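**Q** Read off the chains here:
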Amino acid sequence: MSPACALLFRPTAKAAPLAVGIALLAPAGLAFGQEATNTPAATQPGVGKWYLRERVQYIKLGDDPSPEDRDIDKIVATTALTYGITRELSTTFTLPLTLSFEDPASSSGTDTEFGAGDASLSLKWRPFQWDLNPVDSVRLAFFGGVEAPTGTGDLGSHSWDPFAGVVFTSILGRHGFNQALSYKFNTGGDEFNTVAGDGPDDALRYDTSYLFRLDPAEYSADTTAATYLTLELNGLYETNGDNEILLGPGILYEARTFALEATVGFPIVQDVDERPETDLVITLGFRVLF
Amino acid sequence: MTYLRTMIGIGLGVAALALTGCAGGPTAGDQPGIDEPAAVVDSPTATLIVHGMSCPLCANNVDKQLLDVPGVSGVNVDMGTGEAKVKFMPGAKVTKQQLADAVDKSGFTLAEVRVP
Chain A
0 MSPACALLFR PTAKAAPLAV GIALLAPAGL AFGQEATNTP AATQPGVGKW
50 YLRERVQYIK LGDDPSPEDR DIDKIVATTA LTYGITRELS TTFTLPLTLS
100 FEDPASSSGT DTEFGAGDAS LSLKWRPFQW DLNPVDSVRL AFFGGVEAPT
150 GTGDLGSHSW DPFAGVVFTS ILGRHGFNQA LSYKFNTGGD EFNTVAGDGP
200 DDALRYDTSY LFRLDPAEYS ADTTAATYLT LELNGLYETN GDNEILLGPG
250 ILYEARTFAL EATVGFPIVQ DVDERPETDL VITLGFRVLF
Chain B
0 MTYLRTMIGI GLGVAALALT GCAGGPTAGD QPGIDEPAAV VDSPTATLIV
50 HGMSCPLCAN NVDKQLLDVP GVSGVNVDMG TGEAKVKFMP GAKVTKQQLA
100 DAVDKSGFTL AEVRVP
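Going down the list, the protein sequences come from chains A and B.
Position 185 of the first sequence, counted from 1, bears residue number 184 in numbering that gives the first Met the number 0, the numbering being contiguous throughout.
Position 33 of the second sequence, counted from 1, bears residue number 32 in numbering that gives the first Met the number 0, the numbering being contiguous throughout.
Don't read these hints as lab results, they were simulated from the structure.
The hints are all genuine.
What the simulated footprint calls covered on chain A by chain B, stretch by stretch (three residues with Cβ under 8 Å from a Cβ of chain B suffice, anywhere in the stretch; the number is not a length): (1) 38-50; (2) 133-141; (3) 250-258.
Computed list of lysine to aspartate or glutamate pairs in EDC-like fashion (alpha-carbon distance at most 20 Å, straight line): (4) B/K92 with B/D41; (5) B/K92 with B/E35; (6) B/K63 with A/D221; (7) A/K59 with A/D102; (8) B/K84 with B/E111; (9) B/K86 with A/D221; (10) A/K59 with A/E276; (11) B/K92 with B/D67; (12) B/K63 with A/E87; (13) B/K86 with B/D41; (14) B/K92 with B/D62; (15) B/K84 with A/D221.
Simulated coverage check for chain B against chain A, where a stretch passes if three residues somewhere in it have a Cβ under 8 Å from a Cβ of chain A: (16) 73-79; (17) 93-105.
Predicted, not measured: the structure shown is a model, and the values here were computed from it.
Ideal Cβ positions, reconstructed from N, Cα and C, are used throughout, including at glycine.
If we strip away everything but chain A, and leave its shape as in the complex, we get:
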């Protein structure tokens, strides 16, 4: 490691408050163990291990700017499979399946569509990990990949869209913080798309999450599970000027081999003109390590 790199990444006593400060002050959010529902994290499975994550979301959209002025409800089931390649590198394949109900203002019928959305393949690389003691850890990871045009009908962008981002995770006692920032280069997209961040304009996601370990207060030899309260801020800025931030309180139950999660997201900042606004997102999830 070069002196410059060592200065940046070598754990030192002086670096501790700096790392904590960065964790607390970083502008936006991100993790699999202590990972909130909709915010990435700088965690990954061990070498040769798999991590499966299933999420089902109910999404209610309104104020559609398209000529059809649609009310839209969606149920999206997303499968994400992650594999640990090395200690620092993992790969993830993600595939959403969507059932969409659209009610145009001009007609009494409901248009129903079911199909795959855009699948993605990504790599996550964690160059920095500082495990301070048996529990506390500070980590930084970079990720990048591409969304493939696998989406059918109105459920995908029909274009190859690369993305890249950075995630910072700190776990200090009962408190977990995640910050993530990512940018997606949209190379195609429909101007009347209904998938946030999937239109013809690029998308900048800025996410923050906080997890509080409700139970147990202290880990012990008998600990087989933990329950967390979670709070997320999930922001999406699109280069057409649209900006939206969802606040998402939730709960996470984590056992030794699986985890269950539930989150409700609702907008607290909404300046959206080019696509339907997000009114409500309810997420239920399941994770398993094998």
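Got chain A; can you put chain B on it based on the hints?
**A** Just chain B, lined up with the frame of chain A:
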């Protein structure tokens, strides 16, 4: 728009390149507290002190990797103290290096190996 994309692309590229040379994370071989890594553990049990096991699902990585080591028959992790107590099969010839490698593969940091 194009300018913004270019600048973001350059920024991400520079960050990735700068960090590429800094990826030398800890390896099992140079973990502190491990003397004689090639020595066979001459005991039916050993205790590993592992750092960074911040959640139950994370800690399960340590169980899985240690159980993959030939000769290991059982693992019991105490997340509070960071102790992973390892039991060996009778006659097993497991080295400290193998245990260290397993913790390394789990993605956590091995602080010490204690053999009674």
